[in-house]
Amino acid sequence: MPAVEIVSVTKTFGEVTAVDDLSLSAPEGSVYGFIGPNGSGKTTTIRMIVNIFYPDRGQIRVLGEEMSGARNHLIGYLPEERGLYRKMQVRALLEFFGELRGGRNVGKEVSAWLARLDLEHCANRRVATLSKGMSQRVQFIAAVVPEPKLLILDEPFTGLDPVSADALREAILDLRRRGATVILSTHDMTVAETMCDHICMIFRGKKVLDGTLASIQDQYSNDTIRVAVGGGLAVLDDLPGVEKVRDLGQVQELRMALGCDPHEVLRALVERTRVTSFSVAKPSLHDIFVRIAGPAAEEVEVA
Amino acid sequence: MRKILLMAKRDYVESVRTKAFIIGLVVAPLLFGGGFLGIAILKKQPDLHEKRIAVLDRTALVAPALVRAVAEKNAKEAYDKITHAQTAALYVLQAVAPAAGDAEAQRLALSDRVRSRELFAFLEIWPQALHPGRETKPKAPGVAYYTNAGGIDTTRNWLREPLNRAVRSVQLAQLGVEDGHFEDLLTPVAIDPMSLLMRDARTGALQQAKKKDEIADFAAPFGMVLMLIMIVMVGTAPMLSAVTEDKNQRIFEMLLGLATPMELMAARVLAALGRSLTSSAFYICGALLVLQGMAMMGSIPLHLLPWFFVYLVAYVTMLSSFASALGAACNSPQDAQNLATVLVAPIMIPFFVMMPVMTAPNGAMATAMSLFPPFTPVLMLLRQCMPMGVPAWQPWVGLVGILLWTAGITWVAARIFRVGILMQGQPPKLSEIIRWAWAK
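Chains as they are written, first to last, in our numbering: chain E, 1 to 303; chain U, 304 to 743.
Selected chain U positions facing chain E (Cβ under 8 Å, derived; list incomplete):
1) Lys306
2) Arg313
3) Glu556
4) Met557
No wet-lab data here; the hints were simulated from the structure.
For clarity, every value in this text was computed on a predicted model and none was experimentally measured.
Just so you know, even glycine gets a beta-carbon here, dropped at the ideal spot from N, CA and C.
Let's have the full structure, built from the sequences with the hints guiding it.
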């Protein structure tokens, strides 16, 4: 049974269609990546899943039940717009949210999470005195006490230092290992690639990608070359069959035109400079995202 | 319900702990009672300076009688009866003979003396003053009072009684009435206000009429309504800015994942009720202690306390849900401040018409306004507190009206609140807010 099932859902705000005939299914016990550019309808979809907005058309089933908010106590929700009662003490605030989600005697669980995310020393501090990263970890705890069956995280890693991000990543995966389903909305394609079992991309309210990373990449041929060369970027100009060059710093990504032979590209490169690395691969999720939602997509739309 | 209680408890505890609430408990009565306190203080600190008034008497008859009447009034009213200490200003009249030449020049000279503060004012008395009932064409002047006193000048009122007394005594003398009868003829007859007689329902004994305390008759309804207004203000005033603040701090989205907008708003309203009941306990206990100390418990309509609480609950529910909706529509504390006037309108409008309603509590205007639901709590309670009361059906009709009104306002407010709390950016237009109320 999918943890979340959305069937032909449409939501409009006045003249604007935020979500357009969207269907998706998040398998139970998976990390389901939800990607898409700003304004594509991700937050609206999430708000419909947690019963903040109601769809104009279509059906949403959450944890096996028609959307009614009845299962909200089983859902942990970390919204993109972070907000906490600034005058409350951290522990009191977390216990309040825990009880609000139907938990009883959540003190022990709160203590365990505070220790796990290195916030024990902040337990009696007011939220207003915390740093941004600390507040974010506190808000994450508010979303997972008591332990949810479905955890919805909207950009959970934004603003976190690497240590905090690692701790949070480990906590999310641990919850998944214990059976929770995680819906992870993110703009960080590396996070989506490394953490998500399934990825769904929506663009202008419509679903444009849905599946595992491998199945999504399978939709594209091996049209990407990753190279590391000496002599600067100029040596990559006017390579035969190369449509686009993307500089990643130490490595460059070349997108080949249809029918382009990578051997020809390698031969041309070797003639121009010293090549320290050369590999042919499927496009990265980032590249796929840009191909769908980048300026080229805008041009197609205009045409 | 558990969620509503949890959120209401949090809101209540957090708000009553704030300095603003504690200060508000003390400041609100000072603010409302400050005016009366000021008047009382001013009365304790009267202006004892002599007020010299020139009398230009063109009758040649009234001035001596007037000087006498003023001296008598000074003696009667300007000194404490027990300590004999002066408690009010003394009026000193100075008769001035009309000049033979230019009357205008004499008036100008007297005006200059007023301007130089040598005189407080001057009176000019014409012969017509002795025949006020006689019509002349063109209308002849009787008495003119020249002054440059601004604001509320009480002197003219003060002079009215001795002047009339002086004129009447001249008239009586002209009619040949002897001096000894003047007092009886000139002293106005007093009308003593008395309560109605009634028969004790249990014993059947006749209860005699008592002399009514006019101050208590005014103070009891006024005080009770003032208390209702204060308590409602203390309970609901923080709502507007609190909702806006929570909206700015992006708290609502997290909460909306756990509770419906209706539950969120219900919790806020419940917390406001808690605040109001806390402050009502504080004020009512305080007021009862003060009245007990002043031996004025009998003048308080304690039988209206159940109505007081019914109105309080309805009023707080109505205004706090209204405040929640307005707060949700605001994007900044400045917006909230601007809308605060809209919020207090249902309180301030009835507050401003309290005096006319007290003058004619069962008049058409008072009845109609007190049956208009937003004004019912203040005006119906005020009318119920008046000694003559209201027809028995009116409070019940008013109650039905306010319950329906409160339910309607709460429903609309909840719908505005639901949309407003997630709206950011430009503040919405009124038409947009109205649309939210009917949005799916």
